[in-house]
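J.: Sequence:
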Amino acid sequence: MAVVKENIVAGIKISAIIYVAIVIYIVMSTKKVTLQIMSSTLPAIALLADGVNYLISAAALELERDGINIKCQNDDCSKGRIIIRVKNNSKNVAKNVNALISTEKGYPGIEDELLLWLPSSESERPDTEVSIKPKHSRKLLIFEYERAQRAPGGYVIKVLSKGSVDKPRARLRLDFYTNFYTKYVFRIKVDGERVRSPLDIKLYITMNKLDAITSSKTMFKKAYINENVPNVARKVFNIVLRELGNDRGIAERAATLRRRILISKSSNIKGYLRIANGFETLYNELMNQFRLLAEYLGLVFGVSYEYAVYLALAKRWDELTPLIKSIRSRLLSLSRNDDVYIMTELLLNLIITDEEFRKKFSDWLTSGNIYDTLKYYVPNHLRPALALLLNYGQITCKSACGINEEEKCSNQCCKNCKRILNALNGNENMVKEIASDLDSVLRRHWVYEDWVGGSSEKSAPPALIKEIIDYVRNNEKPQDWGFFSRAVVELRLPTTSRLRFILILHDLLRAREEFEKGNIDEAIKFVDLAEAHAIIGTAKFDPLSFTSHFFNLFELFASDLKSKLKGSRRFEISDVDVLELLRLYHYHVETNIAETWP
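If you read the sequence shown in our numbering, its first letter stands for residue -9, the second for the next number, and so on.
Note that these hints are calculated values from the structure, not bench results. The model shown is predicted, which means the values in this text are computed figures rather than measured ones. Virtual Cβ for every residue (Gly too), placed ideally from N, Cα, C. Each hint should be verified, as a subset may be incorrect.
Unchecked claim - With a cut-off of at most 20 angstroms between alpha-carbon atoms, the simulated SDA-like pairs for lysine to any residue come out as follows:
#1 Lys556 - Thr485
#2 Lys554 - His539
#3 Lys305 - Tyr366
#4 Lys81 - Tyr194
#5 Lys315 - Phe347
#6 Lys173 - Lys81
#7 Lys129 - Thr118
#8 Lys456 - His435
#9 Lys148 - Tyr194
#10 Lys225 - Lys388
#11 Lys179 - Gly235
#12 Lys388 - Trp354
#13 Lys305 - Glu270
#14 Lys148 - Thr93
#15 Lys125 - Ser110
#16 Lys95 - Gly235
#17 Lys179 - Ala48
#18 Lys81 - Arg184
#19 Lys61 - Arg184
#20 Lys173 - Val146
#21 Lys456 - Asp427
#22 Lys365 - Glu397
#23 Lys152 - Lys179
Claimed, not checked - Distance windows between CB atoms, simulated:
#24 Gln63 - Asp470: 42 to 50 angstroms
#25 Asp56 - Ser426: 48 to 56 angstroms
#26 Ser558 - Thr356: 26 to 34 angstroms
#27 Lys192 - Tyr167: 17 to 25 angstroms
#28 Val442 - Thr271: 48 to 56 angstroms
#29 Leu263 - Lys148: 39 to 47 angstroms
#30 Pro369 - Arg177: 38 to 46 angstroms
#31 Lys260 - Asn465: 51 to 59 angstroms
#32 Lys192 - Lys398: 50 to 58 angstroms
#33 Ser323 - Cys62: 20 to 28 angstroms
#34 Ser316 - Leu263: 51 to 59 angstroms
#35 Gln63 - Tyr366: 16 to 24 angstroms
Generate coordinates for the entire structure from the input sequences, incorporating the hints supplied.
T.: Right under this line is the structure:
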């Protein structure tokens, strides 16, 4: 309350300065300076002196340049703290400085909660009031966040507070949950004794902005130990953090485009292109604003990949060529690809069958292996199995778990690794154990009871799902045990919804490869596997979530594709099916929901 009164007094004094200026002007422009005018001026001059003295002695607070910071609490920054640095840009000490946080009207949340200042030394403890020395800054904790481990996914945001100014209370944790649609606007007001004017800051928090932080940290993980690019990495990371303070910035507008694609009723590619051309606008805006850094930012925000898909489908291949070269060049400088790059490559390989396109971009569509990228997105103990599933080759459990060859591989990583490999090699006990995990997930599917109890062909589950249920419940061993063993391991392997979608695309390409060899039955098995991925994805996530919805739509696509393979012996993906794949693609550029297992 004292701070408010002090600011009111300051306002009166500043008004007096304006009055004095008017009086002086009148005095100077009047030929006769009367005693009355002189006497009326003296109090104003005193106020002027007092006001000037206040302005000189008051502190000025500002958000430090690149003042939105993060303290990561794990390797990929999927858990961390958002911090802002408040600087005293004056010659005077700012005393009893506090910060209040509120959410904007229309958003669920809080009003005028006191935030905590982080200690500036080991001897201090977090507090709600601090002094800030001239030309120094202090760190203010805005919130903690962590990727949600269960559906519907997104992040849990925790605002640590000590109550309001009027009703201080014990330390409080206020939880917020982000998802595909949620946007929180946090308003932070920093004020104190003899502070010239309050510092007002707004942060605009969305799931895809927090995802961009994680993506940036993961992408530049090697860059921080590479002498050539650490400076670029820091600049890009700071720009990504700055997006938290931007309303309707690049990240938010990209998310809006994706949502428009997801809800579009269009049944043809032209309708898709009318929306997707917005990615060209965003890409050009990045290039104009950030120049060389734009190529990295386009990867972090996903815009470069989505622009590439748009150019490919619009058949603007002369423009696509330099974009692909740019993407590959930037990823090469980071000594790695990322999962969205692989997802984009597999998608275009699958949905664009134009011979001119395939000839022009054959080197890109078939280059390298995807294991070297995807291994970063699974735990160490799953890497040997992933390598075998992707035909990369054999990797030992010792190598994956960081054990020297002369040492015994007996830690938990090695045990889990051997369990998965044994299942992949057909060990019945291990296959049964993993199949049981899958069956426990399938039980959540809304038609599971019909699958188990139904007697008609209409109520029967897809072939691979039926084999899993029959094997777990009735101990009926599948005919193709080798393929079944491989399938249950692959279905159990994904740790995120994005990785599951990537494996779906990979299996569809394997199906097309088998079809082109004339192996129709083998092609159908891989479509069955892709469909089983979608069913597991549907069952694992909240039935009302986009993830569950689009995986469910893919089931219809897979069923249609199998009918074509069995009936007319064609591997054909219609425009309607392409649009479903595009929706799943853009959804998984936007988000990457963690998968959990019983």
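J.: Does each hint fit the structure? Answer for all of them.
T.: Hint check results:
Of the supplied pair hints, the one linking Lys556 and Thr485 is violated, its CA atoms being roughly 33 angstroms apart against a limit of 20 angstroms. Our distance criterion of 20 angstroms between C-alpha atoms is broken by Lys554 and His539, whose separation comes to about 24 angstroms. For the suggested pair Lys305 and Tyr366, the alpha carbons sit about 33 angstroms apart, so the restraint of at most 20 angstroms is broken. Taking the CA atoms of Lys81 and Tyr194, the gap is about 32 angstroms. The hint is violated against a cut of 20 angstroms.
At most 20 angstroms may separate the alpha-carbon atoms for a hinted pair to count; Lys315 and Phe347 meet this at roughly 15 angstroms. Distance restraint check for Lys173 and Lys81: the Cα-Cα separation of roughly 38 angstroms exceeds the 20 angstroms cut-off, and the hinted pair is therefore not satisfied. Between Lys129 and Thr118 the CA atoms are separated by roughly 12 angstroms; this keeps the pair inside 20 angstroms, and the hint holds. Using a Cα cut-off of 20 angstroms, the hinted pair Lys456 and His435 holds, with the two alpha carbons roughly 13 angstroms apart.
Proposed proximity of Lys148 and Tyr194 is supported: the alpha carbons are some 15 angstroms apart, at most 20 angstroms. Under the criterion of a C-alpha separation no larger than 20 angstroms, the hint pairing Lys225 with Lys388 is inconsistent with the structure, at around 38 angstroms. Distance restraint check for Lys179 and Gly235: the Cα-Cα separation of roughly 14 angstroms lies within the 20 angstroms cut-off, and the hinted pair is therefore satisfied. Note on Lys388 and Trp354: the hinted pairing is violated, with a Cα-Cα distance of about 33 angstroms set against a maximum of 20 angstroms.
Distance check on the hinted pair: Lys305 and Glu270 sit about 14 angstroms apart at the alpha-carbon level, within 20 angstroms; holds. Distance check on the hinted pair: Lys148 and Thr93 sit about 13 angstroms apart at the alpha-carbon level, within 20 angstroms; holds. Of the supplied pair hints, the one linking Lys125 and Ser110 holds, its CA atoms being roughly 15 angstroms apart against a limit of 20 angstroms. The straight-line distance between the Cα atoms of Lys95 and Gly235 is roughly 18 angstroms, inside the 20 angstroms bound, and the hint therefore holds.
Our distance criterion of 20 angstroms between C-alpha atoms is met by Lys179 and Ala48, whose separation comes to about 17 angstroms. Proposed proximity of Lys81 and Arg184 is supported: the alpha carbons are some 12 angstroms apart, at most 20 angstroms. Using a Cα cut-off of 20 angstroms, the hinted pair Lys61 and Arg184 is violated, with the two alpha carbons roughly 31 angstroms apart. Simply put, Lys173 and Val146 have alpha-carbon atoms about 13 angstroms apart, close enough for the 20 angstroms limit, and the pair holds.
Taking the CA atoms of Lys456 and Asp427, the gap is near 15 angstroms; set against the 20 angstroms cutoff, the hint holds. For the suggested pair Lys365 and Glu397, the alpha carbons sit about 23 angstroms apart, so the restraint of at most 20 angstroms is broken. With a CA separation close to 15 angstroms, the supplied pair Lys152 and Lys179 stays within the 20 angstroms bound. Distance hint check for Gln63 and Asp470: the Cβ-Cβ separation is about 46 angstroms, which falls inside the suggested range of 42 to 50 angstroms.
In this structure the hint that Asp56 and Ser426 lie 48 to 56 angstroms apart at CB holds, the actual value being about 51 angstroms. Against the hinted window of 26 to 34 angstroms, the Cβ-Cβ separation of Ser558 and Thr356 comes to about 27 angstroms, which satisfies the hint. Distance hint for Lys192 and Tyr167: a CB-CB separation of about 20 angstroms, consistent with the stated range 17 to 25 angstroms. Taking the beta carbon of each, Val442 and Thr271 are about 51 angstroms apart, inside 48 to 56 angstroms as hinted.
Take Leu263 and Lys148: their Cβ atoms lie about 42 angstroms apart, and the range 39 to 47 angstroms holds. A beta carbon spacing of about 40 angstroms between Pro369 and Arg177 agrees with the range 38 to 46 angstroms that was offered as a hint. Restraint check, Lys260 to Asn465: a C-beta distance of roughly 52 angstroms satisfies the suggested window 51 to 59 angstroms. For Lys192 and Lys398, the Cβ-Cβ distance of about 56 angstroms falls inside the hinted range of 50 to 58 angstroms, so the restraint holds.
Remark: the range hint 20 to 28 angstroms for Ser323 to Cys62 is upheld by a beta-carbon distance near 22 angstroms. Our hint of 51 to 59 angstroms for Ser316 and Leu263 is violated, since their Cβ atoms are close to 22 angstroms apart. The hinted window of 16 to 24 angstroms between Gln63 and Tyr366 holds, with their beta carbons roughly 19 angstroms apart.
Consistency note: the structure conflicts with the earlier hints numbered 1, 2, 3, 4, 6, 10, 12, 19, 22 and 34.
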